[in-house]
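Enquirer: Next come the chains, spelled out residue by residue.
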Amino acid sequence: MNVQFVAAVEEIPEGQRKIVQVGKRSVGIFNIRGKYYALLNYCPHYGAELCKGLVSGTTMESHVYEFIYGKDQEIIRCPWHGWEFDIKTGCSLFDEQVKAKRFEVIVQDGQIGLILGAQSKRE
Amino acid sequence: MTKQPINIIDCDVHNSLRSHMDLVPYMPDAMKRRLIESGTGALYSGYYSPVGVPRKDATPPGGGPAGSDPGFLVEQLIDQHRIDYCLLTGSMYDASSGHDADYAAAIISAYNDFMLDHWIGKHHSFKGTIAVSTLDPHLAAREIDRMGPHPDMVAVIMSSAARMPYGQRFYHPIYEAAERQGLPVMIHPGTEGAGSTNGPTAAGYPSYYLEWHTCLSQNFMAHLVSLVCEGVFEKYPNLKFVLVEGGVAWLPHLMWRLDKNYKALRAQVPWLKKLPSQYIREHCYLTTQPIEEPERPGDLITLFNMIDAENMLLFSSDYPHWDFDDPHAILKAMPAEMKRKIYYENAKQLFKL
Chain R
1 MNVQFVAAVE EIPEGQRKIV QVGKRSVGIF NIRGKYYALL NYCPHYGAEL CKGLVSGTTM
61 ESHVYEFIYG KDQEIIRCPW HGWEFDIKTG CSLFDEQVKA KRFEVIVQDG QIGLILGAQS
121 KRE
Chain Y
1 MTKQPINIID CDVHNSLRSH MDLVPYMPDA MKRRLIESGT GALYSGYYSP VGVPRKDATP
61 PGGGPAGSDP GFLVEQLIDQ HRIDYCLLTG SMYDASSGHD ADYAAAIISA YNDFMLDHWI
121 GKHHSFKGTI AVSTLDPHLA AREIDRMGPH PDMVAVIMSS AARMPYGQRF YHPIYEAAER
181 QGLPVMIHPG TEGAGSTNGP TAAGYPSYYL EWHTCLSQNF MAHLVSLVCE GVFEKYPNLK
241 FVLVEGGVAW LPHLMWRLDK NYKALRAQVP WLKKLPSQYI REHCYLTTQP IEEPERPGDL
301 ITLFNMIDAE NMLLFSSDYP HWDFDDPHAI LKAMPAEMKR KIYYENAKQL FKL
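Here the protein sequences line up with chains R and Y, keeping their order. Anchor point for the first sequence: position 41 equals 41 in full-length UniProt numbering, and the numbering is continuous, going up by one each time. Anchor point for the second sequence: position 25 equals 25 in full-length UniProt numbering, and the numbering is continuous, going up by one each time.
Calculated directly from the structure, the hints in this document are not laboratory data. Hints may be right or wrong, so weigh each one.
Unchecked claim - Away from chain Y, derived, C-beta distances all over 12 Å, residues of chain R:
#: 1; residue: N2
#: 2; residue: V6
#: 3; residue: E11
#: 4; residue: G15
#: 5; residue: I19
#: 6; residue: R33
#: 7; residue: H45
#: 8; residue: G57
#: 9; residue: G70
#: 10; residue: H81
#: 11; residue: G82
#: 12; residue: S92
#: 13; residue: V98
#: 14; residue: V107
Said to hold, decoys possible - With beta-carbon atoms standing in for the labels, derived distance ranges:
#: 15; chain 1: Y; residue 1: E176; chain 2: R; residue 2: Q108; range: 27 to 33 Å
#: 16; chain 1: R; residue 1: Q21; chain 2: Y; residue 2: N261; range: 47 to 53 Å
#: 17; chain 1: Y; residue 1: N261; chain 2: R; residue 2: E96; range: 30 to 36 Å
#: 18; chain 1: R; residue 1: E96; chain 2: Y; residue 2: G39; range: 53 to 59 Å
#: 19; chain 1: Y; residue 1: N261; chain 2: R; residue 2: E11; range: 50 to 56 Å
Every residue, glycine too, gets a C-beta built ideally from N, C-alpha and C.
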């Protein structure tokens, strides 16, 4: 298992993020209510730095004229064009097949580590 | 080679009153004097057409306005162009351009009764559309429930000229009633810019009828975007909507632009569960007249193929108006199967003919 430790837990408090460089890859680490998640800092739409976007919740599927707020802190919106992605899954909200690449995260001895596979050409 | 005969349903045929006095017997007593003195209250856009609106060859031999003699309409349209069914769309939906909701509703009810008495049943091809005024959607819903059960009434028709976009909740009682009666809702232009309606183009009031007529498509685009985004087709999942005489070739642009924006902005309309274009494909139809005529006729077919238009278009002639489309003269480059659907099959299913 290829684990790269990229930050100490104190560096990313709840609700915050940090963008780290791992070899050629730029990766965003997010702390959502004490758990860490990681996405490649690359939007599948046009390659913008996805992880620099607005982190928020969103409106959940609802009846007409009903607004239900949910997924607080779990949504990142790409700074280009505003597409919403679920940070926990990488999936876009308009089509589950449109995904940002995500990485598994482990925490060991106060250090946040990314589990990296082989780098694909798209990255 | 002899040409294959083709079945035709004409989804926009304008029957006309001989005069507003035709409606006097059908009006409530309290409003008869106003009708006699002032007419139906259907306003005129104010845009001058140098060719007029009715075809000059469509005046009935016995006199009266074009479209006012059922026998001559059968002779000049149904028989001459071999039409199987025609939807009588009238023009009384224009009453929505006025300011008095109760008068508009009464005039339109009177017209619907007149049409039943004087047109429906006079020829086997005649199918009725229930006109409603949009000034008070609750009165419109009542009219839909009153007329809807008649077996020859196959749709609801209202003006595309309006005070606000048609997806907004003010109008939902109309859609609820139409869905309840199993009737598609049609919108038709005519009074854009008149009376209580909004300006006829997004930029304001143009100078000429040429511009007014061209820009009618803008109004249809705004209504269609509103219908989808306000969730009308989520709230009324069995509702079908027909855009009559608003043009066709703009539809790919609108679908692509709306889908693109939805990907960014879906949080504003969380009730939508699929791409906006998918709602349009599943719920909306457009009539063909006045068909766009590009220099290379095949370009229009290419454009239809981009959006699966063969399942969304309905043939219409707009008889007896000046920009009438002859079903046998237009769309010659169209493949036979596409033509069969657009000229007949789609309308047959939609209107349960």
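Enquirer: Could you run down the list of hints and mark each one as holding or not?
Expert: We went through each hint and held it up to the structure:
The non-interface label for N2/R is consistent with chain Y: the shortest C-beta to C-beta separation is roughly 34 Å, beyond 12 Å. Interface exclusion of V6/R from chain Y stands, the closest Cβ pair being 30 Å apart, more than 12 Å. The non-interface label for E11/R is consistent with chain Y: the shortest C-beta to C-beta separation is roughly 30 Å, beyond 12 Å. Against the 12 Å criterion, G15/R stays outside the reach of chain Y, whose nearest CB is about 19 Å from its own CB.
Non-interface status of I19/R relative to chain Y is upheld: no Cβ of that chain comes within 12 Å, the nearest being about 22 Å off. Residue placement check: R33/R keeps its beta carbon more than 12 Å from all beta carbons of chain Y (closest about 21 Å). The claim that H45/R is not at the interface with chain Y is violated, since a C-beta of that chain comes within 12 Å of its own (minimum 8 Å). Residue placement check: G57/R does not keep its beta carbon more than 12 Å from all beta carbons of chain Y (closest about 9 Å).
The non-interface label for G70/R is inconsistent with chain Y: the shortest C-beta to C-beta separation is roughly 10 Å, within 12 Å. Residue-level check failed: H81/R sits 5 Å from the nearest beta carbon of chain Y, not beyond 12 Å. Non-interface call for G82/R relative to chain Y: violated, since the shortest CB-CB distance, roughly 4 Å, does not exceed 12 Å. At the 12 Å boundary, the C-beta of S92/R falls inside the reach of chain Y, the nearest C-beta of that chain being 8 Å off.
The beta carbon of V98/R is not kept farther than 12 Å from every beta carbon of chain Y, the shortest such distance being approximately 8 Å. Residue placement check: V107/R keeps its beta carbon more than 12 Å from all beta carbons of chain Y (closest about 31 Å). Here the CB-CB span from E176/Y to Q108/R is close to 59 Å, at odds with the stated 27 to 33 Å. Range check, Q21/R to N261/Y: Cβ separation about 34 Å, and the 47 to 53 Å hint is violated.
A beta carbon spacing of about 20 Å between N261/Y and E96/R contradicts the range 30 to 36 Å that was offered as a hint. Judged by the Cβ atoms, the range 53 to 59 Å given for E96/R and G39/Y holds: they are separated by roughly 58 Å. In this structure, N261/Y and E11/R break the distance hint of 50 to 56 Å, their C-beta atoms being roughly 37 Å apart.
Of the hints listed earlier, those the structure fails to meet are numbers 7, 8, 9, 10, 11, 12, 13, 15, 16, 17 and 19, in rising order.
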